[in-house]
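From just these sequences and the hints, can you work out the full model?
Given next are the chains, with one letter for each unit.
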Amino acid sequence: MTAAAGARSGHPGRFRLLATALAGRPLGVEDAPGGDGPYTDGVNVFVSPGVAADDQRRQVVLQAALLGAGSLDAPVARALRGRPKVARRYLAVEGRRVLADLAPRLPSLALALAVDGPVVSTGVEESLALASGRARLPEPPAWFGRIRPGRLLGTAAAGPGSPPTPSDLRAALALTPEAEAGEDDDESGEESKLLKLFQNPLAKSNALSEFLGRLLGMSRTPAPGPGASGGDLATAAARRVGAVGPDARPLPVPLSLTGDEAPGPAGVGGALYPEWDVHKARYRPEWCRVLEIPLGPAADVAAGAVERDQVLHRRLARLGLGPKVLRRRPDGDDLDVDALIDLAVDLRAGHSPAEHVYLERRKLARNLGVLVLLDASGSATDLDPAGRSVHEHQRRAAVTLAATLEELGDRVAVYGFRSRGRSAVEMLAVKPFGHRFGAGGRAHLHRLAPAGYTRLGAAVRHAGEVLKAQAGTPNRLLVVLSDGFPFDDGYESRYAEADARKALEEVRGDGVACLCLSIGAPTPTESLDRVFGSASHASAPVLSDLSPRMDELFLGALKELAVPNPAARRNAVRFPSAGW
Amino acid sequence: MGVPRPVEADLAAPFYRPVGDEVEVFLAAARRGLPVLLKGPTGCGKTRFVEAMAHRLGRGLVTVAGHEDLTSADLVGRFLLKGGETVWVDGPLTRAVRDGAICYLDEVVEARQDTTVVIHPLTDHRRQLPVDRLGIVLDAEPGFQLVISYNPGYQSVLKDLKDSTRQRFVAIELGFPPPDVETDVVAHEAEVDRDTAAALVAVGQAIRNLAASPLREVASTRALILAGSMAAAGLSLRRAVQSAVVDILSDDPDLAAALGELVDAVLPR
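Which chain is which? The protein sequence lines are A and B, in order.
Numbers 42 to 621, taken from our numbering, label the letters of the first sequence in order.
Numbers 12 to 280, taken from our numbering, label the letters of the second sequence in order.
Please note: incorrect hints may appear among the correct ones.
[Said to hold, decoys possible] Cβ pair distances, simulated, as ranges:
id, chain 1, residue 1, chain 2, residue 2, range
1, A, Gly-123, B, Val-36, 57 to 63 Å
2, A, Leu-405, B, Glu-184, 36 to 42 Å
3, B, Val-36, A, Gly-174, 38 to 44 Å
4, A, Thr-564, B, Leu-246, 38 to 44 Å
5, A, Gly-111, B, Glu-152, 56 to 62 Å
6, B, Arg-227, A, Gly-195, 50 to 56 Å
7, A, Val-161, B, Leu-38, 24 to 30 Å
[As the list claims (entries may be wrong)] Chain A regions said to be covered by chain B (calculated; three or more residues, Cβ under 8 Å):
id, segment
8, 178-190
9, 573-582
FYI, nobody ran anything at the bench for these hints, they're computed from the structure.
In this text, all values refer to a predicted model and were calculated from it rather than measured experimentally.
Don't be surprised by glycine CBs; every beta carbon is placed ideally from N, CA and C.
Here it is, written out as structure tokens:
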């Protein structure tokens, strides 16, 4: 962070709070692409790159103040669209007016913001009328920049944090069109059996059945249109949907790869997982096939050395999640009667032992199950300056973390993942929950060669299921070691990032804490933010950089589960037909 | 452990400038001995408000700061070993119950939930404090009143008051005072002139009104008073704001720089 901050000290982003305060809405400040003069699109202010900070500051102040004064609202922008000359005259008049209004509020900038020329307008409408007229107006100074109505109108509707437009709301309410359900008759049998008795299959008119239907109130259907015969009453009422709605999450469908007729190696398992399609804003059910592959006995156990990290050990040892009663403490809430009796006996016998006679309740109980999910894909092969690949960094981090946690008595599992398309996401069970993390498992981890691609979402979903089913502890934590760069066949950029983020949200919604660590990877922070979303995440060149605050990271991730989570309740709407 | 002493009632009245009708609400609750829940952001004057009310009512005040290891024994009392025997020592809550004082539990959500349950019998019609370890039930003296404070949306979103606890209280919502009142408060507390105080309040307002603020917290009245005190002690106003507001609100150098730009623009040079 320090190096990055140093590099950004000249970045115009430091004016963003000033701009936000003046505009009264969240506003970013960026260098204008291509050295274009200052302008704003309503979401960002673009300043001239490379000019003095004072210049940039007043550029930002003017543009933000224009936004704050409503001078660039949609009606104005529409009026200025395609009329660059009028826009320029408007900027000259309105800019002076806004600055004059602002000057008393910003006493320290009054000098920098001083412009010659009188203020000739008292409001937006008047400025607009003046600009459209023929009167001579002073030219705007260069730092006023220009107004780009097209940009303003383009982002006005879609900017982050902007209120939803009527069209957004309509889209949210639109019902998903449903195909006719073929088989689930019990749900869609809308025709009244009794009414059928009164239907006349011969007569063309269905007036009688309509009349009876209305009279008896038994028909749930509106009157059929002309041409429909009495024997074919159309049904068009609301039904329970048979397919998954956009917000309901399909459950994983377990695969049975082995059976009586085809016995295979023990431990092979898998499931079909849904995937989130951000473009259509709905799940694709049973989309990814995840296979869990156990690793056999390691051939060479010599490679299983573990780097010790004392800081990490100390930090994680302090992690306490539940209260535990400690006996014979020097201070505490209650008297420890056994200790008190011993003390009394000792005192009578002439000894004077230390007065450790209290019971103390401290948060020391752990009950923690951790699954370390390691990215074993080819995207982790990039080398760092020291010649170590990202994969090597992550692998070492996984070994150290798993060994440390196991020493501290937590339940640990280590899985690697890689993928080749959606039908082959492999979960390599380096160390399942039931096993010891012995030399064999360590050797496996060391010999894990990166291959394939990164379908992060499916791997996270499967890891969540493994944790829920096998951890057996009340506190469950998923540690994802990845470079934060999901990529696979048909799984790229925005789609992949959205799916990974969704998968993490689901897992957290199900009561599994998530911590995403990016070790040794050059992925920029913004990208990590997009992939990991609101899940706790941290990145560092090596694990030992994170060790001093690993307890905070763990606690931060786990504490989130202590709060009732509205998102979890929403996600609890499940796909009805695909249960375990 | 140290047992908090009641604040002496004969000191000079604590400075408190009412903003709305909070004083009337508190006095009405005090007349009937009803427990009060004070809500409001950190540093908006909750503690000062309770001090002022205790002074006005002429009652003692026992303050307990909540922390996450606060146990019921810390509130009620415990046996301590003295010489060869065990001696009972009243906790702050028991002391307030016996003396008829106002007991102010600051940031009570920080405490463990099993601790907050101790106050339940005190907050309904019973007004009793069962002391299990002594096997007695204490009836609260007439002047006894329980006041707790609570920061909604503070870092302890992780913790929340249980509904069964919440519904026993009369709530008073305190916010940051309006600019003119806040200017008075800052000028009085920091001992600076009104212009300086007004400039500080302008900074506070600018930070509080940021839309979609990236800051976890905003500049509280207390932070502004701190900045004012630093200025009164001879520091330049800009430097005082930097040390008492900007560097406090953010550890992120990027964000601190952005905040510095905002402060620069608002403060008179």
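Going through the hints against the structure:
Separation of Gly-123(A) from Val-36(B) is about 59 Å and conforms to the stated range, judged on CB atoms against 57 to 63 Å. As the Cβ distance of Leu-405(A) to Glu-184(B) is approximately 38 Å, the hint placing it in 36 to 42 Å holds. The beta-carbon spacing between Val-36(B) and Gly-174(A), approximately 58 Å, falls outside the hinted interval of 38 to 44 Å. At roughly 42 Å, the beta carbons of Thr-564(A) and Leu-246(B) sit within the given window of 38 to 44 Å.
Our hint of 56 to 62 Å for Gly-111(A) and Glu-152(B) holds, since their Cβ atoms are close to 60 Å apart. Hint check: Arg-227(B) to Gly-195(A), Cβ distance near 33 Å, so the stated range 50 to 56 Å is violated. Taking 24 to 30 Å as the suggested C-beta distance range, the pair Val-161(A) and Leu-38(B) does not conform, at roughly 56 Å. Residue count for the segment 178-190 of chain A with a Cβ under 8 Å from a Cβ of chain B: 0. That is fewer than the three needed, and the coverage hint is violated.
Requiring three or more residues with a Cβ within less than 8 Å of a Cβ of chain B, the coverage given for the segment 573-582 of chain A is violated, as only 0 such residues are present.
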